[in-house]
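Undergrad: Sequence:
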Amino acid sequence: MERCLAGDADARLTPGVAGEFVALVQQALIDLGEPLSAGGADGRYGRETTAAVLGYKTRRDIKGPDGSVDGVVGSRTMAALDEECTARDQIPGPCPPAANGPSVDLRGTDERLVNMVLAHTMAATVVGADGSGGTRLITSGVPIPETLARNLVDAATHLLHGRGVRSTPRLAAALGELAVIHADAGQTELAHALADGALWPSAIHPGTALAHLLTRALTEVAPSASTSVRDLSKTSALAEAADHALSGRITLTPSPMARIPDPKGMFAVPATVAGVTFKATAFGDKRLPSYRPVATPLEHLDIRHVVGLVRFAVHLSTKWGVTEVHHAGISGDRRRADCHGNGRATDFVGAVGRNPADGLPFHLTVFNDWKNRSVPDLHDPSTARRPDWPPGSGKIRYRLADLPGVDPLARDFFADLYAWVAGEYQDITDGPGQVGLSSAIGESSRIMTPDHPDSQPGSPNGREAHHSHMHWQVGPTGPQAL
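No gaps in the numbering here: position 149 of the sequence shown is 149 in UniProt numbering, and each next residue is one more.
Heads up, some of the hints might be wrong.
Think about it this way: if two alpha-carbon atoms lie no more than 27 Å apart in a straight line, the pair counts; the simulated DSSO-like pairs of lysine-lysine are [unchecked claim]:
| # | residue 1 | residue 2 |
| --- | --- | --- |
| 1 | K63 | K234 |
| 2 | K279 | K264 |
| 3 | K264 | K234 |
Pairwise CB distance ranges (calculated) [stated by the list, open to error]:
| # | residue 1 | residue 2 | range |
| --- | --- | --- | --- |
| 4 | R335 | D61 | 29 to 39 Å |
| 5 | D105 | L246 | 24 to 34 Å |
| 6 | P145 | E84 | 46 to 56 Å |
| 7 | P387 | G186 | 29 to 39 Å |
| 8 | P408 | R386 | 16 to 26 Å |
| 9 | T296 | D105 | 18 to 28 Å |
| 10 | R386 | R150 | 46 to 56 Å |
| 11 | T235 | D416 | 25 to 35 Å |
| 12 | V17 | D412 | 34 to 44 Å |
| 13 | G423 | S459 | 27 to 37 Å |
| 14 | R386 | R76 | 21 to 31 Å |
| 15 | D8 | D377 | 19 to 29 Å |
| 16 | R386 | V72 | 21 to 31 Å |
| 17 | P408 | R335 | 39 to 49 Å |
Rather than coming from a laboratory, the hints here were simulated on the basis of the structure. Quick reminder that beta carbons are idealized off the backbone N, C-alpha and C, glycines included.
Required output: the full structure, derived from the provided sequences and hints.
TA: The following block contains the structure:
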């Protein structure tokens, strides 16, 4: 297919040929509205496929030198299919739902630490943010009264503020009440764990044992470690953004210098962030004429995303010598109500820079240097490698990890980029408080890539819709309070 796109006449797709490459062209025709009802994307270039190609070329006025239209896929047809499918797949994927549990007040306590206490007591899943930036308690599928939610969080914050054993009776009482609620809802195993103490030795009164357990767990969190973007409250994020503005890394609008802005409001920064220029482009394939990155201000942003962009720029410039980030969407869009509309998401296309290791310039894109590299056949490793993963879901591998002849820079850059995003933004949870290890490429995650395990051909979701960019976000979907 690449030879065909490059103009190799011997690589044109003609009636009678068969193979995976034919199936990919057939799927592209189907996605773009051409009828292929009988065989679908069966990999055989028969009469129905020929008719679909003729229809596609006729509607787009793709003619030969003599003005005729034939049923052959040559370089111009392949380029048109490539460009249209790339444009079609630039629709951002879905964002996680907003937290909708009872409202709680953390009173300035770090969300990450509260979540650790709640996880060890099995009291709740995490503390999350709702669509307006408020803090809510996300429980295990059973509604609980707001009074109980406040008691759970208050007991957790008391433990964190050094009250230790003195706060455990309050926590024990709240856990006992929570156990009754889960028992009434038929969640007997969880109720038993809450009441019996799978994580602490006492029945209802955990006493000193629970306090010591939590103290040991909390000491594993380095106090000096930077809180992940996903775990920042908006107030904490605004304070960090103000520090970045004072240090000259960003110019923040509205400015925190004149007055303290509303942390739940929307913010803007210029195209250059911490020395890295952010440029918007419609496509991920730098060979196409439409790939024209343009530096534009980043506007209508959630304050947590502002902090994330600064950290992102510092990481890429320091480790990889990146001077430009190309993206297909960062600024918020007031016409939309999802994470993209509220300035909480990034569609990363590529980067330009000079590798500190050898001083050589580079320009990497997700489309050219990741998606367009072949993948192994996991069902039969002895067969030739494929141009892309077949439809279907399940754990898959990072295709660049063991690809023969792969560019080491591309392999290591995208692996490091994914690890950084998984550590800062939404990864394996909808909200903050991720307890487990970060995901790796090929595992289920909120971070969408060409090697994401979810496959949904023909939809804006899954790896097919993200073969030209990486998608990540902070916080839930929902309207932004102004």
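Undergrad: Determine whether the Cβ-Cβ distance between R335 and D61 falls within the hinted range of 29 to 39 Å.
TA: holds (32 Å)
Undergrad: Go ahead and decide if the range 34 to 44 Å is satisfied by the Cβ distance of V17 to D412.
TA: holds (37 Å)
Undergrad: Is it true that G423 and S459 lie within 27 to 37 Å of each other by Cβ?
TA: holds (28 Å)
Undergrad: Okay, D105 versus L246 on CB: inside 24 to 34 Å?
TA: holds (29 Å)
Undergrad: Confirm or reject the claim that T296 and D105 have a C-beta distance inside 18 to 28 Å.
TA: Roughly 38 Å apart at Cβ, these two residues miss the hinted range, so it is violated.
Undergrad: Can you let me know if the beta-carbon spacing of R386 and R76 is within 21 to 31 Å?
TA: holds (25 Å)
Undergrad: If you check the beta carbons of D8 and D377, does the distance land in 19 to 29 Å?
TA: Holds - the Cβ-Cβ distance for D8 and D377, about 25 Å, lies within 19 to 29 Å.
Undergrad: Has the hinted range 29 to 39 Å been met by the Cβ atoms of P387 and G186?
TA: violated (49 Å)
Undergrad: Regarding R386 and V72, is the given constraint of 21 to 31 Å on their beta-carbon distance met?
TA: holds (24 Å)
Undergrad: Given the range 39 to 49 Å, decide if the beta-carbon distance of P408 to R335 lies inside it.
TA: holds (42 Å)
Undergrad: Do the alpha carbons of K264 and K234 lie within 27 Å of each other, as the hint requires?
TA: holds (7 Å)
Undergrad: Quick one: are T235 and D416 within 25 to 35 Å, going by C-beta?
TA: holds (31 Å)
Checked against the numbered hints given earlier, this structure breaks hints 1, 7, 9; the rest are met.
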